[in-house]
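A.B. asks: With positions in the sequence shown counted from 1, the corresponding number in this note's numbering is that position plus 445.
Lysine to aspartate or glutamate pairs mimicking EDC-like chemistry, simulated, CA-CA at most 20 Å apart: (1) LYS503 to GLU557; (2) LYS575 to GLU599; (3) LYS483 to ASP741.
Since the hints were made in silico from the structure, they are not lab data. Every value quoted in this text rests on a predicted model; they were computed, and no experiment measured them.
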Amino acid sequence: MGENWIPRVLNMYEDYPFWHTFFTQLGFRVVLSDRSSKDIYQKGITSIASETVCYPAKLVHGHISNLIEKKKKYIFYPCITNEKKEDLSANNNYNCPVVISYSEVIKNNIEEIRENNITYINPFISLNNKNKLKERLYKELSVYFNQISKKNKEEAVDKASYEQDQFKKDIQEQGEKALAKINEKGLKGVVLCGRPYHLDPEINHGIPEVINSLDLAVLTEDCISHLANLKRPLRVVDQWVYHSRLYKAASFVKETKNLELVQLNSFGCGIDAVTIDQVQEILNESSKIYTVIKIDEGNNLGAAKIRLRSLKAAMIQRELNNIQIKNTEDKRIEYKKGRLSKKDTILAPQMSPFHFQFLKKRLI
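All chains, full assembly: derive it from the sequences and hints.
C.D. replies: Laid out in structure tokens, this is it:
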């Protein structure tokens, strides 16, 4: 690493270390589909059931078709309902609905799976309880691989869980080293937030490299979120694991002078309609700039580059003009039963006349 080294710490896919270690321990050779690309996307385009799904989900069709071309006998694509709960104070630890169920869409829409007599293994499982996971994997995999003992499968889960934890720790250590480097060299950085799939170069369209080219360090939320002290309760229901990290990352950025936050959003995902407001509120407490970049299959980064250059210019102007971060506190008004009277004004969203007839009768 030379003097001009700009840190860039990026995570890989969420649970890959776990599954790779698990199957390797059982004696299987793990074969991955090829790296995401437009060619991969085109391979699966005829089996995409709906244009309303996000680009990462559309790419799955191509990856499965790519595996079929490799002439492998088994394809393992589980439906993972719950991730491991990283933040015990969060409301829950779900995956998004598409991650949870898209394996079923693949099973029912890619006919080549049946035509090529491929054994498609897609159990519904959760990763938040290791003992239950052992039982679940033993039950599901015994249908296909009854020669592997229960003890071996349980030991494989233990080994895989350890490797997953070590992987997370490695990412956090790299994040801390990058922060130290940023402070030592007087650099500025961007915490690039999103879903685990946003680490795929085909999905993020090279935005991390664009940020780096602006002499800004790039970190992901999971390499610094463990350093945050997030004030709770939040205004939203915090029930997705990667969003829990997002809120903590925003809290850390809020307290760190030389960092800003950029959030990637694929296809205007409905869940992010909630997260965007909450993250903005957290950052507003310290007058931080909040940048959201919506991306999908289009790879024209002209608008994104303008947004990122504008962010850097704002960071520089803030420093040149010695603009100090203002700490503000969001004073919430809590409703208590019986407090409202006819002197109060209620602001209601625009709804249909059918809905308003009930609301009006209730308020008068």
